[in-house]
Amino acid sequence: MSQLALDLLAVAPPTLDNFVAGSNGECLACLRALAEGGRAQRLVYLWGLPGSGRSHLLRALAGKGGRLLGPLSPLGDFAFSDDCPLYLADDAHRLDERRQKALFHLINQVRAAPSAALVASGDAPPLGLPLRDDLRTRLGWGLVFELHLLSDEEKAAALRTVAAERGVTVSADVVPWLLTHTSRDIRVLAELFHALDRHALARKRPITLPLLRDWLQTDEGRGFGRRPASGQD
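In full-length UniProt numbering, the protein residues as written are 1 to 233.
What the hints contain is simulated information worked out from the structure, not anything from laboratory work.
Keep in mind the model is a prediction, meaning the values are calculated, not measured.
Incorrect hints may appear among the rest.
What the hints assert, rightly or not - Cβ pair distances, simulated, as ranges:
(1) L209 / E146: 33 to 39 Å
(2) R203 / H93: 41 to 47 Å
(3) Q41 / A172: 40 to 46 Å
A virtual CB, placed ideally from N, CA and C, is assigned to each residue, including glycine.
Go ahead and model the full structure; you've got the sequences and the hints to work with.
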């Protein structure tokens, strides 16, 4: 297979463009504005179930020049800097006491700097987080968005769109079968689809249900069993 074909089949890194918004369009529009330098909203908090897309969105913003922070980030990364316009605190619910304190001070500094903004994420609304009280309060000061999981219909539409954009022929029964018999996590489904596409391309065959079933019995295909998440985290 040519390198070009391999590049085309690579699973794309998280971006705002490849986030499947579903009913989360208002949140996505807000984050796009932040990525483009808008500062109408400078403190945003995202929460939702695993797979809802929290980490996808923060990594996408990191690709636009934001500084990604998390439970394993060095404490020094939480320091405010005049040359950093956007801070991204992922998995706030997992921060230890020292990082909670550092994020608290960072939020205060961001609020005092008109050109800076901060987006944080967690698995619960701000007041439901297992964090120090003053940090929970700070996280709720700005816009708070609950990220909703995609419906099966939205996942199916997303996969069909990917197939159409790539010029891939997919039998009508493949996508419904995938949603019933494999993972319902859209990110895992995307990875599965790319791997299956690579398998079909190597054999110069369209993606059909028999091809899919045969591939799932291979060493590569067996790695794509059902997983508990059902979104795009």
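Tested hints:
no. : hint                    : verdict
1   : L209 / E146: 33 to 39 Å : 36 Å, holds
2   : R203 / H93: 41 to 47 Å  : 45 Å, holds
3   : Q41 / A172: 40 to 46 Å  : 42 Å, holds
Of the numbered hints given earlier, the model fails none.
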